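Undergrad: Spelled out from the first residue to the last, the chains are:
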Amino acid sequence: MNKQSLIYTIVFTFAVCFVFVAILAVANDLTAEQVRQNQIVAQQRAVLNAMGISYQSDEEVLSLFEDVEQDEIDGTIVYITEKDGNRIYAMSFRGSGLWGPIVGILAMDSSLENIFGIEIISHEETPGLGGRITEDQWKEQFRDRPVPEGSIEVVRGGSTGDGQVAAITGATGTSNSMERILNNAMQRFRELLGGRDA
Amino acid sequence: MSDTAPKTVGGILTDNLWHSNPIFMQVLGICSALAVTNLLTNTFIMSIGVIFTTMMSNFTVSIIKGLIPRKVRMMVQVLIIAFYVIIVDIVLRAYMPDIHEALGPYVGLIITNCIIMGRAEAFAQSNGPGLSLWDGITSASGYMGVLLVIAFFREILAFGSLFGFRIMPNWFEPWIIMAMPPSAFFFLGVIIWIGKTIMNHEEAAA
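Protein chains in written order, with my numbering: chain A, 1 to 198; chain P, 1001 to 1206.
Hints are all accurate, no fakes.
Here's a subset of chain A near chain P, in silico, CB distances under 7 Å, partners left out:
1) K3
2) V16
3) F20
4) L24
5) A27
6) Q34
7) V35
8) N38
9) P127
10) G128
11) T169
I should point out that these hints are in silico values taken from the structure, not numbers from a laboratory. It should be emphasised that the depicted structure is a prediction, and the values quoted were computed from it without experimental measurement. In this text, a Cβ means the ideal position worked out from N, Cα and C, and glycines have one as well.
Could you build all of it, start to finish, from the sequences and the hints given here?
TA: Next up, the structure:
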């Protein structure tokens, strides 16, 4: 057969595409359930992290998460847990970062004047720059951070006071986005829980 | 260069790691060399992905090269490369979600790495599967070696750490520019300079 002929070229190209894409489709299908499971665990892990609940394994995540109360207020799921006699509320936030959406969990105490913790679930920020929002060193700044004005400010340089966290070096865009996203999330928190008895 | 080089296992090794190193001699794959080298961990994982993809795509292209019509050979090579990259992506997403998360967009970026296409076209199209596999591993290792050197200096200067562990003293003021992609050009330039100088000496001596 002439391997340079038009017919052979078309048939060959079609066959090659068909075979490789078919394998990918099967692989994707076989792992779909596992991926879905991973996403559920990732979401639950993020909620636990934001609430400062520690765990060792994915199994422990699933069992610990059963103790977390879930309340749907106005279409938004609010996670509630009791810690050292205080109620801690957590909910998802989502907003646009520098390159794409940033999704995560924000946990606050019942007075809504302290951030309890944050966790990032997904983002598309520049790896090594804005991508450092997922590093513990940055996220830990939010642990028990009082926000007396009801908003957070991302500041350049080292020292930070109430309502302030340090910006990420070389990632001003992402830092500013996080400030906006978290302030919106806190606003939403107040709308959802403001009328409720703490 | 690969036309004159001996097609032996050892010859391919020294060629790909040194005499025809994809980064500092052929200056291929520069976009990823700039983008990923500000942290050693990212560089390392990305390089592993490149090694796997180059190796497997070289191997596959070599096996079916006799069947590929000339007109569509590059399209078929891209298809094969994309296939392996997506396989890596699927496997990581399902079984190593943490690593998948850390790598983010890098996995997809492997497709655009011109070294992989370059090796498929320059080597696998005209050599047997075994040698092509070996060529893929060594070629991507040459890439990995240079990237790790660049990342080593960039991470220390930009963040004062290595593989995420802080090693510089507290008074150390990080160089912000080193976290930015263009700073890799400084080190790339120096590496090419050193490499060429040594090679010229070798030639003069020979």
